[in-house]
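I would like the entire structure built from these sequences, with the hints used as guidance.
There are 6 protein chains.
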Amino acid sequence: MKKIVVFGEVLLRLSPPDYTRFGQATAFNIYYAGAEYNTAISLALLGLPVSFVTRLPDNDLSIAAVQQLKRYGVEGNNICYGGKRLGTYYLEQGAVMRGSKVIYDREHSSIAEIEPGLLDWKNILKDAGWFHCTGITPAVSQAAADETLTAVKMASELGLTVSIDLNYRSKLWQYGKHPKEVMPEIMKYCNVVLGDMNTVKTYFEIESAEQDKKDSYKDCMQQLKKMFPNLQHIIFSFRDTHSVTNNSIGAFNLNSDKLIESTVFNMQGMVDRLGGGDALMVGIIYGLNKFKDNPQKSIDFAVAAAALKSSIPGDTNFVTEDEILSLMQGNTSGKINR
Amino acid sequence: MKKIVVFGEVLLRLSPPDYTRFGQATAFNIYYAGAEYNTAISLALLGLPVSFVTRLPDNDLSIAAVQQLKRYGVEGNNICYGGKRLGTYYLEQGAVMRGSKVIYDREHSSIAEIEPGLLDWKNILKDAGWFHCTGITPAVSQAAADETLTAVKMASELGLTVSIDLNYRSKLWQYGKHPKEVMPEIMKYCNVVLGDMNTVKTYFEIESAEQDKKDSYKDCMQQLKKMFPNLQHIIFSFRDTHSVTNNSIGAFNLNSDKLIESTVFNMQGMVDRLGGGDALMVGIIYGLNKFKDNPQKSIDFAVAAAALKSSIPGDTNFVTEDEILSLMQGNTSGKINR
Amino acid sequence: MKKIVVFGEVLLRLSPPDYTRFGQATAFNIYYAGAEYNTAISLALLGLPVSFVTRLPDNDLSIAAVQQLKRYGVEGNNICYGGKRLGTYYLEQGAVMRGSKVIYDREHSSIAEIEPGLLDWKNILKDAGWFHCTGITPAVSQAAADETLTAVKMASELGLTVSIDLNYRSKLWQYGKHPKEVMPEIMKYCNVVLGDMNTVKTYFEIESAEQDKKDSYKDCMQQLKKMFPNLQHIIFSFRDTHSVTNNSIGAFNLNSDKLIESTVFNMQGMVDRLGGGDALMVGIIYGLNKFKDNPQKSIDFAVAAAALKSSIPGDTNFVTEDEILSLMQGNTSGKINR
Amino acid sequence: MKKIVVFGEVLLRLSPPDYTRFGQATAFNIYYAGAEYNTAISLALLGLPVSFVTRLPDNDLSIAAVQQLKRYGVEGNNICYGGKRLGTYYLEQGAVMRGSKVIYDREHSSIAEIEPGLLDWKNILKDAGWFHCTGITPAVSQAAADETLTAVKMASELGLTVSIDLNYRSKLWQYGKHPKEVMPEIMKYCNVVLGDMNTVKTYFEIESAEQDKKDSYKDCMQQLKKMFPNLQHIIFSFRDTHSVTNNSIGAFNLNSDKLIESTVFNMQGMVDRLGGGDALMVGIIYGLNKFKDNPQKSIDFAVAAAALKSSIPGDTNFVTEDEILSLMQGNTSGKINR
Amino acid sequence: MKKIVVFGEVLLRLSPPDYTRFGQATAFNIYYAGAEYNTAISLALLGLPVSFVTRLPDNDLSIAAVQQLKRYGVEGNNICYGGKRLGTYYLEQGAVMRGSKVIYDREHSSIAEIEPGLLDWKNILKDAGWFHCTGITPAVSQAAADETLTAVKMASELGLTVSIDLNYRSKLWQYGKHPKEVMPEIMKYCNVVLGDMNTVKTYFEIESAEQDKKDSYKDCMQQLKKMFPNLQHIIFSFRDTHSVTNNSIGAFNLNSDKLIESTVFNMQGMVDRLGGGDALMVGIIYGLNKFKDNPQKSIDFAVAAAALKSSIPGDTNFVTEDEILSLMQGNTSGKINR
Amino acid sequence: MKKIVVFGEVLLRLSPPDYTRFGQATAFNIYYAGAEYNTAISLALLGLPVSFVTRLPDNDLSIAAVQQLKRYGVEGNNICYGGKRLGTYYLEQGAVMRGSKVIYDREHSSIAEIEPGLLDWKNILKDAGWFHCTGITPAVSQAAADETLTAVKMASELGLTVSIDLNYRSKLWQYGKHPKEVMPEIMKYCNVVLGDMNTVKTYFEIESAEQDKKDSYKDCMQQLKKMFPNLQHIIFSFRDTHSVTNNSIGAFNLNSDKLIESTVFNMQGMVDRLGGGDALMVGIIYGLNKFKDNPQKSIDFAVAAAALKSSIPGDTNFVTEDEILSLMQGNTSGKINR
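Order-wise, the sequence lines are chains B, A, X, R, E and L.
Numbered per my numbering, the first sequence finishes at 339, counting up by one with no gaps.
Numbered per my numbering, the second sequence finishes at 339, counting up by one with no gaps.
Numbered per my numbering, the third sequence finishes at 339, counting up by one with no gaps.
Numbered per my numbering, the fourth sequence finishes at 339, counting up by one with no gaps.
Numbered per my numbering, the fifth sequence finishes at 339, counting up by one with no gaps.
Numbered per my numbering, the sixth sequence finishes at 339, counting up by one with no gaps.
There could be a bad hint or two in this list.
No distinction is drawn between identical chains; accordingly, a pair holds when it is met within one copy or between any pair of copies.
[Unchecked claim] Derived lysine to any residue pairs resembling SDA-like cross-links, with alpha carbons at most 20 Å apart:
1. K85 <-> Y176
2. K85 <-> Y105
3. K178 <-> D258
4. K172 <-> T264
5. K172 <-> E324
6. K172 <-> D61
7. K71 <-> P50
8. K102 <-> I31
9. K214 <-> I261
10. K298 <-> N247
11. K123 <-> Y176
12. K202 <-> G331
13. K178 <-> N231
14. K71 <-> G24
15. K3 <-> K214
16. K226 <-> E322
17. K172 <-> H109
18. K178 <-> F205
19. K298 <-> I261
20. K71 <-> D61
21. K85 <-> E108
22. K226 <-> D197
23. K102 <-> V272
24. K85 <-> K102
25. K154 <-> K226
26. K172 <-> Q233
27. K172 <-> Y82
28. K3 <-> R170
29. K3 <-> K127
30. K214 <-> V67
Calculated directly from the structure, the hints in this document are not laboratory data.
Values in this document were obtained by computation on a predicted structure and should not be read as measured data.
Printed below as a string of structure tokens:
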């Protein structure tokens, strides 16, 4: 299989332990994260060849982040070093009815201040078969949005499959542009998209008047397909948040004009809410490559992967194909094999 | 707004971490606590001017406890130093069907051995508008009961609103008096009371023959009002313990002769059971000052504050007004804002 | 009461903390464990006289394991030292829908390589009234199976009550024998057995065609009794795994020809799944000695003990008789006594 | 060998970790301690039969403390339960030039409020050959001083060897007596004493005008012998504190009229300063029993034990005879045997 | 005494624990720090009235930092909120011969992007008697340098004593200016300066050809005085780094034309190297206010304070006047008072 | 540069934290280790191309160990999976005068039970320029010794430089052979050797009658050269253990017939004693490749690398070339660059 190139930002996540609030904490747990970073590692853990592309400052935190990529088998030879800082975010984990809280400190990161030409996309993509990015990178800065556009254009030109996780982050988009002004142009070059109802409304003003849940999903997904004819696979996920640590997750896959609905998994006693969407995206890419003729299995695999993620501390989904398949086969109760 | 004077004991709480039992623990987590101490800090976090009054031994643990008061904006200029020890309690946290376990080690604390005149109440209360105490301090020792009575009398005489959280603790009351002999006299001077069915039976022999829950609450609350005519606001809380880490909390407010019932919040996956009542008391005081014309909002605010407390390690409710209001508006699922 | 001799393996359990996966862990929590070891300690905590018999290597880990036995009152004078290593297992705790994972590293342990004559059973058992073993020891090696047989024979000959927890572990039995070839011979000498449907099928090819749950249990238990006429007490437990941290546990007791069913306890928010069966076995031995005339109380006591175990980190059930009785009386909600 | 009865107080020691100050700590490390408790455990670890006698409150902390005794082989059958609390002390560990800091919270402990007759000394001591106590217990309260006197009298009457570690604690002796009024009477019944220059001056007004260190030690030790003719063995220790974590330790033994000087051990990078004296006392008792004909070996063994203690967190000296002997043979550099 | 206004940056310090390297760490210890922040807290702990002025982003980390100021008694009413981020630095602690390593991530902090007029200095300084700043703030950005100049000018105009800790940080000064272009103008308004030989060479091109250490210090200090006639007190510190955890610290005070040399303290087994200079600065300010007639005591007090700092984790010197005085009186060995 | 193939065992090291003894520990810190594993990672960190060859069981611990190799850039494609267990050792760290203690649990590891042919050495070594092994692998089992011999023979035949770290471990060699019977045959094929006086005596019965240290080293090194004519580079290291945490380290290099002596580094306050020799071996391999014409620089580089190791928790030397060079240039005091 040809390699998958993933482009995006590496984030340092710092979290107070044991449900303490920011003001109570005397230490932060460290996780290297970022939607695309999580995706790259998880794809590699499933055995796919992955190359991660980003820009990082030249310091020991970046080195640790890249070593973690290498640890899980992600190639990082095209990472470009320079700029001032590693994007950082602080996550206070919620409990009971207190929601999690995020403090972003990612402005002026090396990738936010990337300059055209630092990444030689033609060369980077030359042996690849797939390119993946998200809606987060274009939200960080004009430079990052421009770079994303450059990348998807080149990927498309070179005949790669281009996937995108739309991933709307309302706290970003601080550089003077509304997503409507940016995302449609990038979407033109995409073939696979993971989205949700709220995001397509924000990015593309797509909504549906249908009352029925499935009908309204189908309607929006079809509108999206009409708007961006290059799209071959459209997946919309949904998450029902019964409580802070009890969510359900599921997805729809628009397969030609048929709407395929995934198994919905209920996640009680969630250990870490973050990274579920990234895990789902990984499952989609994996499924489209491995279970081509079985769209139901593909979407179920993606959602099962996302469900497993909720059991793992940090943002990244450290699971194997076997574990995901086992969950899909109904092993949801965790009997110990001993 | 005039300042609120809170009187009571500071406790050092020591807890084995991670659901270990006392015999398994090799370290204790440290929390400075005490019903009135928690109340004072939480009131200050909501922006109210608060002064905390107690007696503490002159050592580094007391200094740490007082520094924590100052940290959150509570003034401690009238704390009196002397005596031998800081009241201490050991809390082993329960799980599944194993209940939490408390070892009290608070006899002979500085406040239990307070002497008349050490606290100059006339001076302490002179610029205050509100005085708050609980039924725990009179349970500690004759001296502490006497001091509480002295304080409420003076507060009443100076025209302050006097509030009390009845807070029955069966393991205290070891100094030879039954609460019946002590609490009625203190109650005479109180204007706002937080109680519950079990406590008013123990303290005042009030019970109801009504079958219906609301009717019996109303009956008892009305009896209490009749017994203590100075009472202007009577709130009774209730807690349904479905399991060790799954409780529901609610309250009734007797407003003139109308019984107002709060929203009932279900708290799944509770992180720390302690301090819920103190948080509720804070909400009552806040509501009576801030939402005077809206008793429903007042009582809902109080219960929402208590519900949030269950998500925070330790005894004290480190939350903001915004967080409580957000929960009241139905944001119970903890969607992350990012 | 005469002493209970428990024979089996001591295991060192190493577990990543806080739901981290093996690859994420930088430290392992240490628990000294083993089904029989857990049973011995828990019996001693209930006040029964217990002696533990095993073979251990002569190193500081063994010393720590034996000191823990002594700590809880288990006598270890007949432990025999020699051999190369302490059996070890690594347990990664599951969460949400991710199951727990066990890596066994117990081959070549001192007890697996025991030699005939190292343990002088006649002498060891001479003042005892009860002998307990499990189906795990015979699964470890031919030598351990032989030693178990030697022990039950001698115990039977000396007139002790012999109990066994069948405890099937599919990952063991690596030494060339199927349990069918080993367990029936041992069972001949047993008077009390704790089993379950899956295990009796594997060991003794016992199954039932009955549709109704109770009927099928009764059927299998009666077949077992017929097969092994020395059996006086047959208890079968069952565990329903609703999710990784939410199980229910219950048991049946075949009393003469009447099937007694225990209270079923639902364990939400389980802290540690391991050791539940061992705790149940302890309750059976205790009940048969203390509540002889009350088989319902006996079986309820056993299941309540098992339910409490799920709230305690590690494999061993550190609870008192009072705590078990309190749970049996319906105190499942963990109100704090303070 | 006949058993050694050790009498004294169990203390709960709580210490901030990693050189944090009291005000910085969010957890306390837990150590069960007390001079006599440490001594009892360490004697048992050396293989001597030891019984520990004290009075403890009936709670889970006491149970943990007694379980630790049992863990290391100390018999606790004569511990008497009752009273209100476990003596507690808080230790902030010093570093560089900042000294360690102690907060005592041991008033009103169960042993401080012991009553005559609770301990049946005649029975307790009936099979014993040795009785050990310290100058700390008489410093705690009049009742504890009285009990100590009762015990040494009975021990003496029954012909036991009585040893005492003089152990002056200036922060104790708060009950209205000066040690001069108490200790001489107790000393009358003692046969073995561990003291130091400062303590004998405080307790017995013994000092020397000699200039030379050895001469002045000999002088004081001889005065002590003259004052208490029952004394058979007099050992004085000294500690030179070069810095907070760099001390030297040594001792003198007055053997008939010859002064034997121990090897002096320099302890660089001390991990925990506490318990050195207790470890030394253990060495003396051990030496007098095991190396009777070799007073030099005895005193060197005692000092080596004390030196090893400084490497171990907590108050208790968890070392074996082999480890002490190895250090005496000059193995001070810690080459790893692998 | 009139209040001291301290102006500067709050930093979040994040450090791997237990001498791990950046790449090994899974958690960072959290310390709120910054030279001026440390100084403010430590002055308040010594009992002086202190107000801290800075600019902070409006988030929970800032709130925690300000709460810590309040905890120790520093008033923060003139802190201005706005801007994007809290300055951060990562500190990997060295050991043996491996030096500590700093990663600065403080660009674009709220104070670096301060704008003229946000701080109303006339009002801020109106009741103050002393103003303190350092050479770090002007090194951060042009805006911060300008604000510092504005502040010292106004302080000088209003007749306050102005002190500065020159504090050269070579990794800062990235905004296009050399310190020579900035610091002399600020120094014109200063009355008290803490410097060192390397810094005055960098800032003011002051060096000495004297061979003797004391002569060369005196020479440089006199040159500095000549250059800035407003200077009344000139203190130069020096630190000899024998090894990573073994430094010596001392200082010279130019008193009129007499050079006063402090006691030199050797700090073995340093726990945390950071904040020593800030602690020394605190001692100088304290000494000039409290020991006016005793310059030797003043400078010794300052150096003793700095020496104690090395024993405390974090950047801030949590010590009392008593502890500093005790060290000055030669109590360097940490005998425990118990 | 052609790749370096390193062959040996991966060990799981488990260590009680904070100087606790085995019996006190409730958790073990986890380090993946092994002399050859440490060497491989450290070589890769210095930028050399490294391939690690071993046999590992197929479980999650092995996966974590291999992921760590990949993290630091070591290629592991020729690792062979099979067998039963990962070699394990338990290390209790010493302090003051208490030495560190090792419990080996490495029998029956996958590599100890390797079988001929599992590793296809011809293929493994085909693109390599260097082969490295140690005297530990042949000490583990006959199979491992045989495999080592097979490997060095093939490496020699293919013209690779073969290096060996003699590394005598007295607790190994349990399989019935004395090192004298095994090591000489392997040595025949080696070109570079790291040894020490004690090891060459044990392995080859080489000793010297010379009194002078340098003379006796030279004598032994020359004897070794005579005995094994293929040796081109002979380095002997020495370690002086002043105390458990204060060692000095140095080495001699026999260059033709000239003895070159390294700088001797004194390591005060050592954080972790393990892995120093492995770090030194890395320096030798690096120096022979990078500083060919400068044997003094080579040997100093090696010793400086070893000295730095003592500051890092775990067995592996996580340092860069810059850090080693900086130490060689005399930067031993750890001034912070900030």
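Review point. From the Cα coordinates, with 20 Å as the cut-off, is the pair K102 and I31 best called within, between, both, or neither?
Key: Both: 16 Å inside a copy, 18 Å across copies.
Practice item. If the cutoff is 20 Å on CA atoms, where do K172 and T264 land: within, between, both or neither? Let me know, please. Key: Answer is neither; intra-copy 31 Å and inter-copy 31 Å both fail.
Exercise for review: Evaluate K178 and N231 at a C-alpha cut-off of 20 Å and name the case that applies: within, between, both or neither.
Suggested key: Answer is neither: 25 Å inside a copy and 52 Å across each miss the 20 Å cutoff.
Point to revise | Intra- versus inter-copy proximity for F205 and K178 (alpha-carbon distance at most 20 Å) | key: Intra 14 Å, inter 47 Å, cutoff 20 Å: intra-copy only.
Point to revise | Alpha-carbon proximity context of K172 and D61, limit 20 Å | key: For K172 and D61, only the inter-copy Cα distance (16 Å) is at most 20 Å; the intra-copy one is 28 Å.
Exercise for review: Indicate which option fits the pair K172, H109 if close means a Cα-Cα distance not exceeding 20 Å: within, between, both or neither.
Suggested key: both (15 Å within a copy, 18 Å between copies)
Review point. Is the C-alpha distance from K172 to Y82 at most 20 Å within one copy, between copies, in both cases, or in neither?
Key: Between copies only: 19 Å across, 26 Å inside.
Practice item. Using 20 Å as the alpha carbon limit, work out where K172 and E324 are close: within a copy, between copies, both or neither. Key: between (34 Å within a copy, 18 Å between copies)
Review point. For the identical chains here, do K154 and K226 meet the 20 Å Cα criterion within one copy, between copies, both, or neither?
Key: within (19 Å within a copy, 65 Å between copies)
Check your understanding: Taking 20 Å as the upper bound on the Cα-Cα distance, should K226 and E322 be classified as within, between, both, or neither?
Key -> For K226 and E322, neither the intra-copy (30 Å) nor the inter-copy (45 Å) Cα distance is at most 20 Å.
**Study point:** Intra/inter-copy verdict for K123 and Y176 if alpha-carbon distance must be at most 20 Å
**Key:** neither (28 Å within a copy, 35 Å between copies)
Exercise for review: Tell me, please, which holds for K71 and P50 at an alpha-carbon limit of 20 Å: within, between, both or neither?
Suggested key: Intra 12 Å, inter 15 Å, cutoff 20 Å: intra and inter.
Consistency with the previously given hints fails for numbers 3, 4, 10, 11, 12, 13, 15, 16, 26, 28 and 30, ordered from lowest to highest.
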